[in-house]
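Please arrange chain B on chain A, whose structure you already have, making use of the hints.
Protein chains: 2
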Amino acid sequence: MVAPLKIGLAGLGTVGASVVRLLDQERSVLAARCGRGIEVVAVTARSRKKSRGIDLSRFRWVADARSLATDREIDVFVELMGGEDDPAKSAVAAALAAGKSVVTANKALLARHGVALAALAEKNRVALNFEAAVGGAIPIVKTLREGLAGNSFVRIYGILNGTCNYILTRMERERLSFAACLKDAQRLGYAEADPAFDVEGHDTAQKLAILASLAFGAKVNPEAIYVEGISSIAPEDLDAAADLGYRVKLLGVAVKTKKGIEQRVHPTMVPRETAIAQVMGVTNAVTIDAEGINPITLVGPGAGGAATASAVVSDLGDIARGVRTAPFGWPTARLSTSRKAPMQRHEGGYYIRLAAVDRPGTFAAIAKHLAAQKISLESIVQHRRDDRPHGGEDPRSPAKPAPVILITYATTEDAVRRALKAIQKQGVIAGKPQLIRIEKN
Amino acid sequence: MVAPLKIGLAGLGTVGASVVRLLDQERSVLAARCGRGIEVVAVTARSRKKSRGIDLSRFRWVADARSLATDREIDVFVELMGGEDDPAKSAVAAALAAGKSVVTANKALLARHGVALAALAEKNRVALNFEAAVGGAIPIVKTLREGLAGNSFVRIYGILNGTCNYILTRMERERLSFAACLKDAQRLGYAEADPAFDVEGHDTAQKLAILASLAFGAKVNPEAIYVEGISSIAPEDLDAAADLGYRVKLLGVAVKTKKGIEQRVHPTMVPRETAIAQVMGVTNAVTIDAEGINPITLVGPGAGGAATASAVVSDLGDIARGVRTAPFGWPTARLSTSRKAPMQRHEGGYYIRLAAVDRPGTFAAIAKHLAAQKISLESIVQHRRDDRPHGGEDPRSPAKPAPVILITYATTEDAVRRALKAIQKQGVIAGKPQLIRIEKN
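Protein chains in written order, with my numbering: chain A, -18 to 422; chain B, -18 to 422.
Derived from the structure by calculation, the hints contain no laboratory data.
Every residue gets a Cβ at the ideal spot worked out from N, C-alpha and C, and that includes glycine.
Check before you lean on any hint, since a few could be wrong.
A partial selection of chain B residues facing chain A, derived with a Cβ cut-off under 10 Å [unchecked claim]:
{"hint": "1", "residue": "L11"}
{"hint": "2", "residue": "L129"}
{"hint": "3", "residue": "R315"}
{"hint": "4", "residue": "L358"}
Chain A extracted, bound-state conformation (with noise of 0.2 Å):
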């Protein structure tokens, strides 16, 4: 019998928790299809008082995570902190020196320090997984890294983060406003107090640069993400999309494009029929689009503590089991340093709302502007203001702007924003316009 492999586990929130938990209740299971067993065997956190609803007794504790990362006893440093700088980094990096594969959950770390880290793991021989980073329980990263590893990827695109995907649904369902159901997000525990790196689309770029780097073979790279959150989402917009035949989602979006690896974050209009489409409240979603196949699609619980140790302990499992894998699929000297393709460059087709000052001529305007930046139109829809049956531009009712919808068929960002400059010039619209990108499958 081989001898089991020893975890020294760096925090004890909700995941943390849960991972000594998981670990207890598929003991032999896991001891069967490992060879051997898997054991907890010291730990550290902030508080050790604090009660967790485990027990905690039979592990040996130790003072900090930077001790636990070296310790002598255990094999594996299970990182589960939090945080990209200070104590995860230094705690993670000390672990890969003194050859301690490490296991982590850790988005913003790998977003920040991936590729440092990576190299450091490969030069010690040792693995560096965090499934649990990106995704939760669905099993993203060994389906990038191994499960298509004989193809190349054109796309990848997901829903990476629950809160956004929760307000959207709730918004689209009881048509209610973003401010009212980022409330709710809050008071169900899905939304922090402090909202904006959810909703403004921050903890999405970070997965995405996971994400990204795994598909692409390039070095993660955050900064290189233009990232646009749901704040300005407002229900028309979602009923706009419901009668055009979409749905509105905050993705992440990776792209090979031949200026570069095009990355962006952004609400977006995705063909109602799509499996992305369907993927309603909490739940994750992520599409990857691989050269001369049709899309694969992998739907699942992205966060809480049982989801998130499903992932860190099957990355456990491999390490068990034996399986090194480079951690970004590629040796990190092989990792490309990916050309940003700049969003004004971006093509797509737009969903553009106006609201449309009411006099004549405002429609030639707004038309001729389009066509100076060679902007054709799919779809237009005058919506119905007020209550009168049809909105047009009577000349007996008061002024007050319409909204007017816009579909374009494909553009580029730089054309559609250079247009609505323009029309907001000439005074014949009201307000900011709002403008989602489209994302045909």
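Just chain B now, with coordinates in the frame of chain A:
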């Protein structure tokens, strides 16, 4: 530089040719990802002369599969001939016995001889990989074997046959009969000239047997599967499903019950909002219910040369990287001989469509026999008959049977069968009752 992994490839149909092409296309990427090249060195197939659109002259031609399987030069034998018996079986066994790893797409072989071959692989310390045998490019084998290795599974179910899903999709969208859609599927090459293997559920059953083994650590046992195909499904069933918030899919379902592992293949009513219900056309999908976490669903192309080749090459990538996992995720000695949960004891909701004879007392008789079996009804729908606004039991109309649709609460297969038998015996319904099992999420 490590020497390349040398492949002997038996079977040069659509999949074999796609594997050769993919290995060519991704040569440098694979070498970088795996740390060594992957090279086909020798091949065999039924006909040497057939044109396949690939250059075979660079490969050594070996007279037969068995000789290739034990060829000195090769490290891995790739079996793409198909068929559950010889020559595939003896060639795979010979390769394993000779210490060669094997990659196969042969679901029939694995369903029939999977355990014996896995034991042989284990004994000779080589890999037996078969990602391509189930779900095409969807990495479902790896996900069950490794990606969710830390989880206990409760249930696994999926759309595993593209032909059936294509037929059901067209029947639903165009209100066509099964026969008309089958004909079209044959014309388009989605269905074989002899379609029984697909439409009667046998293809799904072979794949389910493999998935059930992976999920529950049990010996593959296709005999334990209850199998029912889609040929009895009528457009009115699909309409009724839509009215009631369901969609009909041919599912393979494996569930852990107190009575053993229940394995069944049959048309199934799935709630319309589930991920699996959204899967249309030839696409495949598998949903995994693991203890303590929300379901995970994998969706993607389930057949075709490129999709299958993608799975074969990822299996080769694992071998090139030196990974050897127990073929069914557990040492074969630990695979349990699963008790077969008898179908009569299946518990769940049922959709029942009856052609009720139009005379007083019909409903009373139906209700009485259901009550006698303690079956409670969730919904009763009496569809409009002919062109009259409401069928009802109009005394002026001829005594033409009226369709009645019943949705039961959870009951047992046995109770439903008994009740229907009694109802039929009493002569209050015409023809055979339609029965579709409901799978809740």
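Evaluation of the provided hints:
no.	hint	in the structure
1	L11	holds, 6 Å
2	L129	holds, 6 Å
3	R315	holds, 5 Å
4	L358	violated, 29 Å
Hint compliance for this structure: hint 4 alone is broken.
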